[in-house]
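Trainee: All you need for the numbering used here is the position in the sequence shown, starting with 1, plus 239.
Quick caveat, the hints were computed from the structure, so don't treat them as lab data. Hints are supplied without guarantee of correctness; some may be wrong.
Said to hold, decoys possible - Here are the in silico distance ranges between beta carbons for each label pair:
(1) 300 <-> 355: 17 to 27 Å
(2) 386 <-> 274: 49 to 59 Å
(3) 329 <-> 280: 39 to 49 Å
(4) 249 <-> 300: 34 to 44 Å
Backbone N, C-alpha and C define an ideal beta-carbon position, used for all residues, glycine too.
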Amino acid sequence: VVCTTQTINSLFGARFIVPGTGMIPNNYMQNFDPRPGHALSIAPGKRVTTSMSPVMALKEGRVVYALGLPGGRKIFSSVLQALLNLIDHGMSLQEAVEAPRIWTEGPVLEVEHGVKPEVRDGLAARGHNVQVMPTVAGGMNAIQFHDDGSMTGAACWRADGTALGAGGGLARAGVRFVLPR
Numbered sequence: 240v241v242c243t244t245q246t247i248n249s250l251f252g253a254r255f256i257v258p259g260t261g262m263i264p265n266n267y268m269q270n271f272d273p274r275p276g277h278a279l280s281i282a283p284g285k286r287v288t289t290s291m292s293p294v295m296a297l298k299e300g301r302v303v304y305a306l307g308l309p310g311g312r313k314i315f316s317s318v319l320q321a322l323l324n325l326i327d328h329g330m331s332l333q334e335a336v337e338a339p340r341i342w343t344e345g346p347v348l349e350v351e352h353g354v355k356p357e358v359r360d361g362l363a364a365r366g367h368n369v370q371v372m373p374t375v376a377g378g379m380n381a382i383q384f385h386d387d388g389s390m391t392g393a394a395c396w397r398a399d400g401t402a403l404g405a406g407g408g409l410a411r412a413g414v415r416f417v418l419p420r
């Protein structure tokens, strides 16, 4: 199972294309602090912090869900909300990745249009500075692995994306991708 966060960080990433690949590398190196003695100072073997967090959820040692999305710091809460929708609320994979999201950092509570008005009003009545947003974070893609070896894929409306199974052999024991003809 491969689960990734596709991002190049800033617009045009590192601002060059790797010859022969057509790929633009990310520019997360900019997150380092060039001054010595700081938490994010450049040092041998040190890794820069990022918000990339592709997630695989396991049950009894087996992958049940693989999901991820672009979206900066909003990735963490978006993935958590999808997992809560799957595990605690019994949503289907498609419902979970498409469900309205919320996010807060500082004084503003961002909610998507899909959050019911009575919920937004209730949050505002409790003192939250509710701001309705078209989207919170990016387009989530996910795979659910079923006990019988089959899989379900989902892609949400927030970005262009699709769920796709690629055939050609065993991905892991007991799972075979077969493309319809």
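Trainee: Evaluate each hint against the coordinates.
Mentor: Against the structure, the hints come out as follows:
For the pair residue 300 and residue 355, the supplied restraint of 17 to 27 Å is violated, since their beta-carbon distance comes to about 38 Å. For residue 386 and residue 274, the Cβ-Cβ distance of about 53 Å falls inside the hinted range of 49 to 59 Å, so the restraint holds. Judged by the Cβ atoms, the range 39 to 49 Å given for residue 329 and residue 280 holds: they are separated by roughly 46 Å. Look at residue 249 against residue 300: about 38 Å separates their beta carbons, and that is inside 34 to 44 Å.
Checked against the numbered hints above, the structure breaks only hint 1 and satisfies the rest.
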